[in-house]
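S.K.: Please arrange chain L on chain E, whose structure you already have, making use of the hints.
Residues per chain, in single letters:
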Amino acid sequence: MMTNFSDPFEALFAIQRALDARKASDWMGSRTTGIGSFPPINIFQQNDDFVAIVELPGVDKNDLEIAAKEHTIRISGQKTVKYDEGASIHRRERVWGVFDRTISVPIQIDPDAVKAEYCDGVLALFIPRAESDKPRTIKIQ
Amino acid sequence: MASQQELQVQQKREVEKKQENTVPSRAFLPVTDIFETDQALTVVLEMPGVVKENVDVGVESDILTIEARIDYSKYEGLQPVYTEYNIGHYARSFRISSKIDQSEISAELKDGVMTLVLPKAEKAKPRKIKVS
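Chains as they are written, first to last, in the working numbering: chain E, -18 to 122; chain L, 4 to 135.
So here's chain E without its partners, still in its complex pose (with noise of 0.2 Å):
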């Protein structure tokens, strides 16, 4: 009784997309960072820092972990869904299960001042530049 749908064009789309991106940018890098994988990040810039927003529903707030180091922020966790007992499934499209993502930054970052909010679903991670990676305007004597 179980059914997933999907669509293959847009799987095929998928992947150009994510050719394109990871060619277009250095976030990823070349590192084991998963691009693709769950969960899915847009990253923006804010003057001078990131902010990186995750679409994370029905994750509870105890389950998310964020740990940050230097150059990387991990995004680990679990996602569970629940069905009421003897329920029978008519439709099953959300999925659920662990996932753990790191995000290499392509700045250098200071790890104590990442600030993460989680609301409605939608994880905001806001990343400040390290003081010594920011530019520096240098008088003419």
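Watch out, some of these pointers could steer you wrong.
[Said to hold, decoys possible] 25 Å max Cα-Cα, derived DMTMM-like pairs, lysine to aspartate or glutamate:
1. K131/L / D65/E
2. K77/L / D91/E
3. K42/E / D114/L
4. K113/L / E56/L
5. K63/E / E70/L
6. K63/E / D74/L
7. K42/E / E111/L
8. K50/E / E112/E
9. K96/E / E51/E
[What the hints assert, rightly or not] Calculated from the model, a selection of chain E residues having no Cβ within reach of chain L, i.e. all distances over 10 Å:
10. T53
11. R75
12. D91
13. A94
14. A97
15. A111
16. E112
17. I121
No lab work stands behind these hints: they were computed from the structure. Cβ coordinates follow ideal geometry from the N, Cα and C atoms, glycine included.
M.R.: Just chain L now, with coordinates in the frame of chain E:
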């Protein structure tokens, strides 16, 4: 074992509308689970980034419609540098049968997941029949 499986990314499916929009906007189909017990039909929709003030749930001529808008203003001043998914509003509708007590439908939103409970009408609940 099931709880240890590694998660895969699901691509968002866009809503295919019969009518065209007059305002350019993008809407996705929320990922949905539907299950049924003796008492009710439960519809669970994943809509990350949606707050409850921006959700419309309605039933009209046996069609249950869920529409949710996300707040684009949070993305103001952000320059994308690396993207893997798109964002947009959510919309989905389901035809429900007359066995549902339409006045008793309830909805709850938590962590971007909306749970709709559609209780069955009294006449549609299963009965045990005694053999005399």
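S.K.: Tell me the hint numbers this structure goes against, listed in increasing order.
M.R.: Hints 6 and 11 not satisfied by this model.
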